[in-house]
Structures are given as C-alpha cells and as structure tokens.
Amino acid sequence: MRLRGYFRDGALGPAYIIAIVSIPLLKIEQNVEFLIDTGATKTTILDRDAITLGISYAKLSKLRQPLLGLGGLVETYVARDAKLHFKTEEGLEHNEVLPELLVVKHRKVDDNIMRIPSVLGRDILNRYKLVYDKQHATLLIADET
Amino acid sequence: MSVVELISRAAENRSWVSANYVDLARKYRDRWVAVLDKAVIDNDKDLEKLAKRLRKRLDKRYAEVAMEYVTKKPLVMVLVI
Numbered sequence: 001m002r003l004r005g006y007f008r009d010g011a012l013g014p015a016y017i018i019a020i021v022s023i024p025l026l027k028i029e030q031n032v033e034f035l036i037d038t039g040a041t042k043t044t045i046l047d048r049d050a051i052t053l054g055i056s057y058a059k060l061s062k063l064r065q066p067l068l069g070l071g072g073l074v075e076t077y078v079a080r081d082a083k084l085h086f087k088t089e090e091g092l093e094h095n096e097v098l099p100e101l102l103v104v105k106h107r108k109v110d111d112n113i114m115r116i117p118s119v120l121g122r123d124i125l126n127r128y129k130l131v132y133d134k135q136h137a138t139l140l141i142a143d144e145t
Numbered sequence: 001m002s003v004v005e006l007i008s009r010a011a012e013n014r015s016w017v018s019a020n021y022v023d024l025a026r027k028y029r030d031r032w033v034a035v036l037d038k039a040v041i042d043n044d045k046d047l048e049k050l051a052k053r054l055r056k057r058l059d060k061r062y063a064e065v066a067m068e069y070v071t072k073k074p075l076v077m078v079l080v081i
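In the order they appear, the protein sequences are chains G and S.
Under my numbering, the first residue of the first sequence carries the number 1, and numbering increases by one thereafter.
Under my numbering, the first residue of the second sequence carries the number 1, and numbering increases by one thereafter.
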C-alpha cells in the first residue's frame, strides 16, 4: 500500500494528503486536506474543517485530557469510530479506522485560526513508513519496508 | 460514486485551487472560495454560510468541493498538537 501526498505553498510549504472523512454517527462524509504533522500526537480536525464537515459539537464527547498546542490549551472534542479513506497509488481504497478523531474548537475564531489545516498525526503515521522528501517533491506513506 | 472516484475529484479541485491561487487571491481577496469541477462556484467572507449554502445546493456532490481561504497575507505556521 502506498499513499501519495503533495507539497504546496512554496519553498517552505508543508506536505498534505487528501482523505475522505466519514463519521457514521454524524452522517458525515467529506474530503479533507490534512497537513502531515509528525508533531501531532493524534489526527485532529481543526475549526475550518469542522465547519465544512458540518460537525455538531453537541453530539461529540469532550476530551478528558487537555490538548496543548503552541497557542495554549484549546477545547477539544472526540468523534468516535471515524474512518479516513485514502486512494492508494494503485487506485484502490485504503481505510484507517480511528477510535478517536479529535475535533478542536477555538473559543475565538478569526481569519488566521481558520487558515490552520487539519493534521494527520502520529496515531496514523507511526503505523507506516513515511517518506518526506521536499527536494524531490515526494511524500509517501507506505506499509513496505 | 466510489470513494476512490470521490477522492480523485476532490484532489483535482484542490489541485486547481493551488495552481490558480495567485489569481484567486487577487479576485476574491480575503474570502473563502468553493471549487467544483475545476471552477469557482461560490464565495463568501463567512465559511459557515458558504458551507451551509453549498450543502443545500449540491447535496451529494458537496463531498467533492474544495473550500479555501484565498489571501495575499502571509502566514507562518508552527503546528504541534
């Protein structure tokens, strides 16, 4: 299995990958562009994608432990039994089941907060080999050795 | 539509936004644009309003749409969550 991502936003631009997020409990199925973030413990939906997904925070449970980012602590919710669907290089579907998909809600949302993308964290990345090679425009998540 | 097809279409829309970002930022400065079939189909200053409108208008095809904030303002991000 090989999942290919891409780089954007110039020389210092990060790598992204597209997935379809499905949360059966909320009847949600929508594409999300995830930033590949080895600094993130868990895959997390940020404010802007929570809006485009149409997430109702009232239907989610609150995360017990605090979520700490560089901006401080933020209110965080948990969507249970979410799935991320990817397209492999071979054109097949690959699914990742997430018992806990985190969803962040900033108290005060401005244009800059809304620009922060959702992140694909180590709960998924640590299951695979990650090739991050900006010089050759290669971002690969693979299960091969 | 299969999930694979859905991802392909969504990727095409997002790729189109990236390729045309400078022009989009000039035309729709500091607004959210919605792209479907490699064309801007709607825009708004408020993402929530845009998303609600599109969900109603597009039904199942909503899942393919790329929504992006287009601006000339630079942003430095350091992400750790």
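The set of hints was computed from the structure by calculation and includes no laboratory data.
Where is the CB? At the ideal position from N, CA and C, for every residue including glycine.
Heads up, some of the hints might be wrong.
As the list claims (entries may be wrong) - Dumping the calculated DSS-like pairs for lysine-lysine here, alpha-carbon to alpha-carbon at most 27 angstroms:
{"hint": "1", "chain 1": "G", "residue 1": "LYS83", "chain 2": "G", "residue 2": "LYS59"}
{"hint": "2", "chain 1": "G", "residue 1": "LYS42", "chain 2": "G", "residue 2": "LYS105"}
{"hint": "3", "chain 1": "S", "residue 1": "LYS56", "chain 2": "S", "residue 2": "LYS73"}
{"hint": "4", "chain 1": "S", "residue 1": "LYS38", "chain 2": "G", "residue 2": "LYS108"}
{"hint": "5", "chain 1": "S", "residue 1": "LYS73", "chain 2": "S", "residue 2": "LYS45"}
{"hint": "6", "chain 1": "S", "residue 1": "LYS38", "chain 2": "G", "residue 2": "LYS105"}
{"hint": "7", "chain 1": "G", "residue 1": "LYS59", "chain 2": "G", "residue 2": "LYS134"}
{"hint": "8", "chain 1": "G", "residue 1": "LYS59", "chain 2": "S", "residue 2": "LYS52"}
{"hint": "9", "chain 1": "G", "residue 1": "LYS105", "chain 2": "S", "residue 2": "LYS52"}
{"hint": "10", "chain 1": "S", "residue 1": "LYS38", "chain 2": "G", "residue 2": "LYS62"}
{"hint": "11", "chain 1": "S", "residue 1": "LYS52", "chain 2": "S", "residue 2": "LYS38"}
{"hint": "12", "chain 1": "G", "residue 1": "LYS129", "chain 2": "S", "residue 2": "LYS52"}
{"hint": "13", "chain 1": "S", "residue 1": "LYS72", "chain 2": "G", "residue 2": "LYS27"}
{"hint": "14", "chain 1": "S", "residue 1": "LYS73", "chain 2": "G", "residue 2": "LYS27"}
{"hint": "15", "chain 1": "S", "residue 1": "LYS73", "chain 2": "G", "residue 2": "LYS105"}
{"hint": "16", "chain 1": "G", "residue 1": "LYS105", "chain 2": "G", "residue 2": "LYS129"}
{"hint": "17", "chain 1": "G", "residue 1": "LYS134", "chain 2": "G", "residue 2": "LYS62"}
{"hint": "18", "chain 1": "S", "residue 1": "LYS73", "chain 2": "S", "residue 2": "LYS38"}
{"hint": "19", "chain 1": "S", "residue 1": "LYS27", "chain 2": "G", "residue 2": "LYS27"}
{"hint": "20", "chain 1": "G", "residue 1": "LYS108", "chain 2": "S", "residue 2": "LYS72"}
{"hint": "21", "chain 1": "S", "residue 1": "LYS72", "chain 2": "S", "residue 2": "LYS52"}
{"hint": "22", "chain 1": "G", "residue 1": "LYS134", "chain 2": "S", "residue 2": "LYS60"}
{"hint": "23", "chain 1": "G", "residue 1": "LYS59", "chain 2": "S", "residue 2": "LYS72"}
To be verified - Heads up, incomplete: computed chain G residues facing chain S, CB under 7 angstroms, no partners named:
{"hint": "24", "residue": "GLN30"}
{"hint": "25", "residue": "THR52"}
{"hint": "26", "residue": "SER56"}
{"hint": "27", "residue": "ILE113"}
{"hint": "28", "residue": "ARG115"}
Unchecked claim - Here are some chain G residues the structure puts well away from chain S; computed CB gaps all over 10 angstroms:
{"hint": "29", "residue": "ALA19"}
{"hint": "30", "residue": "ILE20"}
{"hint": "31", "residue": "ARG48"}
{"hint": "32", "residue": "GLN65"}
{"hint": "33", "residue": "ARG80"}
{"hint": "34", "residue": "HIS85"}
{"hint": "35", "residue": "LYS87"}
{"hint": "36", "residue": "GLY91"}
{"hint": "37", "residue": "PRO99"}
{"hint": "38", "residue": "MET114"}
{"hint": "39", "residue": "TYR132"}
{"hint": "40", "residue": "ALA142"}
Hint check results:
{"no.": "1", "hint": "LYS83(G) - LYS59(G)", "result": "holds, 17 angstroms"}
{"no.": "2", "hint": "LYS42(G) - LYS105(G)", "result": "holds, 15 angstroms"}
{"no.": "3", "hint": "LYS56(S) - LYS73(S)", "result": "violated, 31 angstroms"}
{"no.": "4", "hint": "LYS38(S) - LYS108(G)", "result": "violated, 33 angstroms"}
{"no.": "5", "hint": "LYS73(S) - LYS45(S)", "result": "holds, 15 angstroms"}
{"no.": "6", "hint": "LYS38(S) - LYS105(G)", "result": "violated, 30 angstroms"}
{"no.": "7", "hint": "LYS59(G) - LYS134(G)", "result": "violated, 39 angstroms"}
{"no.": "8", "hint": "LYS59(G) - LYS52(S)", "result": "holds, 18 angstroms"}
{"no.": "9", "hint": "LYS105(G) - LYS52(S)", "result": "holds, 18 angstroms"}
{"no.": "10", "hint": "LYS38(S) - LYS62(G)", "result": "violated, 38 angstroms"}
{"no.": "11", "hint": "LYS52(S) - LYS38(S)", "result": "holds, 20 angstroms"}
{"no.": "12", "hint": "LYS129(G) - LYS52(S)", "result": "violated, 38 angstroms"}
{"no.": "13", "hint": "LYS72(S) - LYS27(G)", "result": "violated, 35 angstroms"}
{"no.": "14", "hint": "LYS73(S) - LYS27(G)", "result": "violated, 35 angstroms"}
{"no.": "15", "hint": "LYS73(S) - LYS105(G)", "result": "holds, 23 angstroms"}
{"no.": "16", "hint": "LYS105(G) - LYS129(G)", "result": "violated, 31 angstroms"}
{"no.": "17", "hint": "LYS134(G) - LYS62(G)", "result": "violated, 37 angstroms"}
{"no.": "18", "hint": "LYS73(S) - LYS38(S)", "result": "holds, 24 angstroms"}
{"no.": "19", "hint": "LYS27(S) - LYS27(G)", "result": "violated, 35 angstroms"}
{"no.": "20", "hint": "LYS108(G) - LYS72(S)", "result": "holds, 23 angstroms"}
{"no.": "21", "hint": "LYS72(S) - LYS52(S)", "result": "holds, 26 angstroms"}
{"no.": "22", "hint": "LYS134(G) - LYS60(S)", "result": "violated, 35 angstroms"}
{"no.": "23", "hint": "LYS59(G) - LYS72(S)", "result": "violated, 36 angstroms"}
{"no.": "24", "hint": "GLN30", "result": "holds, 5 angstroms"}
{"no.": "25", "hint": "THR52", "result": "holds, 5 angstroms"}
{"no.": "26", "hint": "SER56", "result": "violated, 13 angstroms"}
{"no.": "27", "hint": "ILE113", "result": "violated, 11 angstroms"}
{"no.": "28", "hint": "ARG115", "result": "holds, 6 angstroms"}
{"no.": "29", "hint": "ALA19", "result": "violated, 7 angstroms"}
{"no.": "30", "hint": "ILE20", "result": "violated, 6 angstroms"}
{"no.": "31", "hint": "ARG48", "result": "violated, 6 angstroms"}
{"no.": "32", "hint": "GLN65", "result": "holds, 12 angstroms"}
{"no.": "33", "hint": "ARG80", "result": "holds, 19 angstroms"}
{"no.": "34", "hint": "HIS85", "result": "violated, 5 angstroms"}
{"no.": "35", "hint": "LYS87", "result": "violated, 4 angstroms"}
{"no.": "36", "hint": "GLY91", "result": "violated, 6 angstroms"}
{"no.": "37", "hint": "PRO99", "result": "holds, 17 angstroms"}
{"no.": "38", "hint": "MET114", "result": "violated, 6 angstroms"}
{"no.": "39", "hint": "TYR132", "result": "holds, 14 angstroms"}
{"no.": "40", "hint": "ALA142", "result": "holds, 17 angstroms"}
Hints 3, 4, 6, 7, 10, 12, 13, 14, 16, 17, 19, 22, 23, 26, 27, 29, 30, 31, 34, 35, 36 and 38 from the earlier list are contradicted by this structure; the remaining hints agree with it.
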